[in-house]
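Each protein sequence line maps, in turn, to chains A and B.
The numbering used here applies: residue 1 is where the first sequence begins, and numbers increase by one.
The numbering used here applies: residue 1 is where the second sequence begins, and numbers increase by one.
One thing to keep in mind: the hints can contain errors.
[To be verified] Derived, one-sided and incomplete: chain B residues facing chain A with beta-carbon distance under 7 angstroms:
hint	residue
1	T18
2	G80
3	L84
[Stated by the list, open to error] What follows is a list of derived Cβ distance ranges for each label pair:
hint	chain 1	residue 1	chain 2	residue 2	range
4	B	Y22	A	D117	29 to 37 angstroms
5	A	T135	B	S45	45 to 53 angstroms
6	B	I27	A	T135	20 to 28 angstroms
7	A	S137	B	S159	25 to 33 angstroms
8	A	D229	B	A240	44 to 52 angstroms
9	B	K212	A	S137	38 to 46 angstroms
10	B	F63	A	D167	42 to 50 angstroms
Please keep in mind that the hints were generated in silico from the structure rather than gathered at the bench.
Glycine included, each C-beta is placed from N, C-alpha and C at the ideal position.
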Amino acid sequence: MSEAIKVKSLTKSFGPIHAVRGVSFDVNHGEVLGFLGPNGAGKSTTMKMITGFLEPTAGTVIVNGHDVLENPLAVKKSIGYLPEGAPAYGEMTVKSFLNFIADIRQLTGSNRQKRIDEVVERINIRNVYEQSIETLSKGYKRRVGIAQAILHDPDTLILDEPTDGLDPNQKHEVRNLIKEMAQDKAIIISTHILEEVDAVCSRAIIIATGELLFDGTPTELIAKSDRSDIDHAFRLVTSGKSDANKEPTS
Amino acid sequence: MSTLFSIYKREFTSYFVTPVAYVFIVIFLFMTGIFTFYLGAFYESNQADLEPFFRFHPWLYLFLIPAISMRLWSDERKSGTIELLMTLPVSITDAVVGKYLAAWSFTAVALILTFPMWITVNYLGNPDNTVILASYIGSLIMAGGFLAIGSCISAFTKSQVIAFVISVVISFMFILSGFPMVLDLFQGWAPQAIVDAIASFSFLTHFTSIKKGVIDIRDIIYFAALITFWLYVNVVVIEAKKAS
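Next comes chain A alone, as it looks inside the complex (with noise of 0.2 angstroms):
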């Protein structure tokens, strides 16, 4: 298994408000990480230094062997990345869309095709191909923003919130799509869904104001759980920083 992430000390202020504090964290091919934590713990603002959208205060993001600071367009070639909410362009037709992205990830030839029909096969969105995206439903949409993560068939993939927004059976489709995918690459999903981490991830992460508090497999995390339940774990490891770390600063 090689390193295709570290992330090392990372720390991003917006004027006094730490959103992320010295966090740390490697992520080896082969591997999908959990990202679990209450909502606006930092787990977004992370996912967005590591894709080169945010620059980080301090600390260090090496993605492939590259700096995200000092060569951004490499680490940006070497990453899917499905931004929270999945935006897309609303005007574009599926098909539209998906050409654009093949364009701008330099696609030609015979694979091009064969690539987006592939994707399109994979993630189920061929009846909606000729529409456009601002028609679609929640859950294609997201569908649709997934697509466009894999399309090149990146060496790392980040997935905000990769099931938000679908319905069971397609959330379960998307699991299986992970785990499929997970073989070869460095994957990190963000997610609420703790059930989740358990049924795709190797790992996880909870991050909670910022920091750190958890990084061990799923099993690690259930063990915290005297009930051997992974809900009761994640409330032991959030609200046990909050009782137990009553520091000024907070």
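Mind docking chain B on chain A? Use the hints.
Using the frame of chain A, we list chain B on its own:
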């Protein structure tokens, strides 16, 4: 295919899948017609030239160009697609220039569609077509100047309305600085060099000389420098505050 061209292609086609392009073009053609025939007294002047047509272009552009440019970056911010765009392997310069060139090409399409005016004047008389060609080129370059201002301003805000209003105000200052009522204020007491300097910042001054059929390298340099400056600021603004 370069990423700049991919951005350009996406932007340019996006004008035509929404009603924006058609509404804009129809209004542009309608307004140029009104200005030329009523305010410009095209028939009454009894001159076979398109001066009454081009005379009002700066004023039309003052309102119509910010209407195109206001969405360039504001919309990306508002819909969140700026996060998608800025995490794709695209340099900010490519994104800014690609979007700008797409908007410029779109105004070129609108301008080309005024060709019936050119046919009319050639039917009625024997105009100097080189002057008309120079005027068209000058008008397009001036539109590019207005667009660069508007694109830069739209990078500052996610509100298209704010982008529109501020762009109109700044563009208005660039027109006004060559207007007699401003220049007369300085004419009496300021040295001629200062009056000339103020006038030289005006779109009007440069457009007027091109409109006479003389494409002077200094006018071209002026617009090129102006466009480069505003697009450079545009890149800096996106770079500095793409996420806010």
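Here is how each hint holds up against the structure:
For T18 of chain B, the interface hint holds, since its Cβ comes within 7 angstroms of a Cβ in chain A; the closest pair sits about 5 angstroms apart. Hint on G80 of chain B holds. Least Cβ distance to chain A is approximately 4 angstroms, under the 7 angstroms limit. Hint on L84 of chain B holds. Least Cβ distance to chain A is approximately 5 angstroms, under the 7 angstroms limit. Checked against the hint of 29 to 37 angstroms, the pair Y22 of chain B and D117 of chain A passes, with Cβ atoms roughly 33 angstroms apart.
Take T135 of chain A and S45 of chain B: their Cβ atoms lie about 51 angstroms apart, and the range 45 to 53 angstroms holds. For the hinted restraint 20 to 28 angstroms between I27 of chain B and T135 of chain A, the CB-CB distance of approximately 27 angstroms keeps it satisfied. Remark: the range hint 25 to 33 angstroms for S137 of chain A to S159 of chain B is upheld by a beta-carbon distance near 28 angstroms. Checked against the hint of 44 to 52 angstroms, the C-beta distance between D229 of chain A and A240 of chain B comes to roughly 46 angstroms, which is consistent with it.
In this structure the hint that K212 of chain B and S137 of chain A lie 38 to 46 angstroms apart at CB is violated, the actual value being about 59 angstroms. A C-beta distance of roughly 47 angstroms is found between F63 of chain B and D167 of chain A, which places it inside the suggested range of 42 to 50 angstroms.
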